[in-house]
Amino acid sequence: MTVLLAVEGVSKRFRGLLAVDGVSFQIARGSIFAVIGPNGAGKTTLFNIIAGAFAPNGGSIAFGGERIDGLTPDEICRRGIGRTFQVVRPFPALSVEDNVLIGAMLRRHDPASARRHAHEVLARLELFGKRHQPASTLTLPDRKRLEVARALATDPKLLLLDEVMAGLRPAETDRMVSILRELNRDFGLTILLIEHVMRAVMALAARVLVLHHGAAISEGAPDAVVRDPAVVQSYLGAEAVD
Amino acid sequence: MIARMLDGVPGRGLAVLAGLLAVLLAAPWVANDYVLTVLIIVLYSAYTGQAWNVMMGFAGQLSLGHAIYVGLGGYAAAALYVHFGVAPWLGLVAAVAIAAACGAVIGFLAFRFGVGGVYFAILTIAFAEFARIGFDHFRWVGASSGFFLPVANYTRNDLWNLRGDPTMFYYVMLALTVAAFAICHVLLKSRIGYYWQAIREDEVAARSLGIDTFRYKMYAIVLSAGMTAVAGVFFAFYYNNLFPEQVFHISRSIEMILGPIIGGIGTLFGPLVGALLLTGLSEAMQELLTALRLDVPGAKQVFYGLCLLVVVMALPGGVWPWVAGKLGLTGPRS
Amino acid sequence: MAAEIYLNVAVSGLLTGLVYGLMAVGLSVIFGVVRVVNFAHGEMMTIAMYLAIVLFNGFGLDPLIMVVPLAAVLFALGYAMQAGIINPFITRPEHSQFILLVAMALIIANVLLIVFGPDARSVQTPYSFDSFLVGPLIIDATKAYAGAATVVITAALFGFFRFAPLGKAIRACADNYTGALVVGLNVKRLYALTFGLGAACVGAAGSMLVLLVDVTPALGPALTLLAFIIVITGGLGSMPGAVLGGVLIGLTEAMAGLFFTPSAKSMFSFALLVLVLLFRPQGILGKRPS
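Keeping their order, the protein sequence lines are chains L, F and U. Start counting the first sequence at -4; every next residue gets the next number (the numbering used here). Start counting the second sequence at 206; every next residue gets the next number (the numbering used here). Start counting the third sequence at 3; every next residue gets the next number (the numbering used here).
Chain L with its partners taken away, still in its complex shape (with noise of 0.2 angstroms):
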């Protein structure tokens, strides 16, 4: 296997708190990679240390081969690595495909190369069809959908989504989860995913990392991880204070 993602180490600190602790993955060219974890466990803030919305206190990431921790969000998308929200953050004013014309401009300056790129992405993400809307008049899973057709309109090598199916219903998360396999399947895109909905992680995932307390105490095959023990524990006992 070669290699795309290569995190060693890596950690931060948020005043007292340890958010994310010595934490070591990689991810495989071509693969699907998840990360799950109970609330708090540090999932969102090992995500915003690789799209470079902070750098690590400690360790080493490297795209590519290439050292990338510290570097700003837009370089880090200049690289090759798109990104989603959490919380959606579509440009409200502007038309669907507006939005992602705008992603599609990194890698093509000509405006009807990029707009012919952002057809060809909404078709995909099946969102053509409203794309004169504007972005603030879609409904939570076209948003969702918005958000994933703008960071693949950059040409991503690597595509980071945090939490895209949280609040989805059954149906739409279906959708989603088709959508994202026929992209790696078609393209060969990398997928790095921070999941809650483990319906989805279990249908997606090739393989899986488990967070708690900021630290990573399980990885390996979806169907293997949730049998251990460690992450049976973990989530029970995040349960049990809940």
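Bear in mind the hints are in silico, worked out from the structure with no lab data behind them. Where is the CB? At the ideal position from N, CA and C, for every residue including glycine. Keep in mind that the hints are not guaranteed to be accurate.
As the list claims (entries may be wrong) - One-sided excerpt, in silico: chain L residues whose CB lies under 7 angstroms from chain F:
(1) 68
(2) 73
(3) 86
(4) 104
Keeping the supplied structure of chain L fixed, place chains F and U upon it in accordance with the hints.
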């Protein structure tokens, strides 16, 4: 080029645009001096409004100190003309460069340190006030007693030195305004325009799509400052005098931005519509108050304020999007 | 001898700064809770100053005694402005709010112009020229009274927000708008009360400032700007910060007026503002937004 510029504008919109341009071109033959003077003010406001719109309407950076660029531009060209005999069109180059550099300094300081929103707005006011007080003590350009350009009776219009009658100034201002519209139209349809709008809508999301937001915000402030400085040169040579108290005053900055906000912020025609409305309103008010013998100082401004209040309460998006929507004049985005 | 002059100027600047600080506290309270930048702040201040002049000239009422009644009058004005005009704008974009308040400022300034004319007005009280001798210091009586009153009023306001149930409710609104709605607070009324309180600070500060500076209808923007500078220097949303900012700006301007020409003194406040914005954008006592 022309084809690309007209791309996406519906036929009705084009017809109205052509008609408007024809009327504006023909105006000096029909209009008397008073109407011409008012039209110059309209075009001047439309031009400066458009320049400000680049920053706020397109890129979402609220500047409340744009008078600084008018002042720097005006003083630079006027000083070069008075002290060294440099013609205004050459002085314009220096004026634009100085204002753009000033914009770059303000932008660099603010955007590097992450100063945004209200804080950025107040920083721009502070710089403009700083310049006002500075020029009040700047003897080389007359300090607080003002800086004057020589006025004489000209037998003919001297376009190169910008000395002449209102008709000449009218056409100069019309050309500048049309140019500003064309530039903004092309920019809005290109990558830079989309990137500005992305930054205006959501800066964090814009960065996640690979946009170097610092760089694009810098482009916006430098371009806006440079464009505004051109208006400053016009102002200096049209009025032939500059007082720091007037050109740099915060009320100038506010007047400049009322047009685009009333007309429709971030739209191409908002600044023109706003300028027409506000100038028309102001002149009409003057006439009405004089006729009613209510012409005490301040009365006009009170009505002006009331009208602003009504417009901003009733039409939050501005007048132009509302009118354009009613008449079906524009495509989805102009 | 020179040192005494500096000390005297410094104390005078400090006391004037306290009055500016009270005006800025009003701006800070309004922004901290309602999240609206009151661009008509200085114009409201001029209303208070003209009212103080009318009361003094017409009825011989001392501005220092009228601090409380004028605060009450401005409270009512502020409450009415927020409840009647500004409340529908709290969810609108910044530039929209800005135009609204600029329109109000324009109306206020020009109504004052129509009523009072363009000339500068001031008040001469019997104690205008009194002063206290404290060791080497000569302290202007007017400024001493005004400074002391400012401290008392700010302390009272601080206590209100810290301990009174209503004050706590207002702070809850400031912290979490949606949360305040959920627990059933009448947010719009609390906003109106807050704007009223901010305006009351303006009323009190205005009736004292009239003893220190001349007023013209066109004074508003300069005062608004001064309030901005103070609040940002001290820390937007922090009451002690606004007082501290006022004192700092008062001192800066007084010293700059002594060392350089008085007409250039506000350049130094702007310089201070720019430095603060660049190196500590949250202000001296402000908290960094998390």
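Hint numbers contradicted by this structure: none
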